[in-house]
Amino acid sequence: MNPPSEVQIQRCLTILGLPAKLAANSPLLPTRNTTYDSDYLEISDCEGDGNCGYRAISKLLTGREDFHWRIRHKTYEHILKHGVDITGMLKRDVELFKNVMIL
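UniProt numbering numbers the first residue of the sequence shown as 1 and each following residue consecutively.
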């Protein structure tokens, strides 16, 4: 696996509405971990509060879990806007998703 460059991580952060400078702390950067051999991988726990997937993405992009809610919100916005274009999602699925997220 080739790790993403800092520019690629910055681009992701910009799309998510987060400061691009946060990419400097990403554990994905090659300067932080030049090999992905299992001897060098770290297991990192995150809070298991139902946001763990978003916390993990936040930690990979920024080195911190703090931005999980923003990532969840931007994902929600994207599904609402483009849900019918996502393979496997029907219009009724998008409507159901809207109703569930409002609860």
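Calculated directly from the structure, the hints in this document are not laboratory data.
Certain hints may be false.
[Said to hold, decoys possible] No more than 27 Å apart at the CA atoms, straight line, and that leaves these computed lysine-lysine pairs for DSSO-like:
#1 74 x 21
#2 74 x 98
#3 98 x 81
[What the hints assert, rightly or not] Label pairs and their in silico Cβ distance ranges:
#4 21 x 98: 31 to 41 Å
#5 95 x 6: 11 to 21 Å
#6 42 x 2: 33 to 43 Å
#7 92 x 27: 19 to 29 Å
Think of the CB as a built atom: it goes at the ideal place given N, C-alpha and C, for glycine as much as any other residue.
Hint check:
no., hint, in the structure
1, 74 x 21, "holds, 19 Å"
2, 74 x 98, "holds, 14 Å"
3, 98 x 81, "holds, 11 Å"
4, 21 x 98: 31 to 41 Å, "holds, 34 Å"
5, 95 x 6: 11 to 21 Å, "violated, 39 Å"
6, 42 x 2: 33 to 43 Å, "violated, 19 Å"
7, 92 x 27: 19 to 29 Å, "violated, 39 Å"
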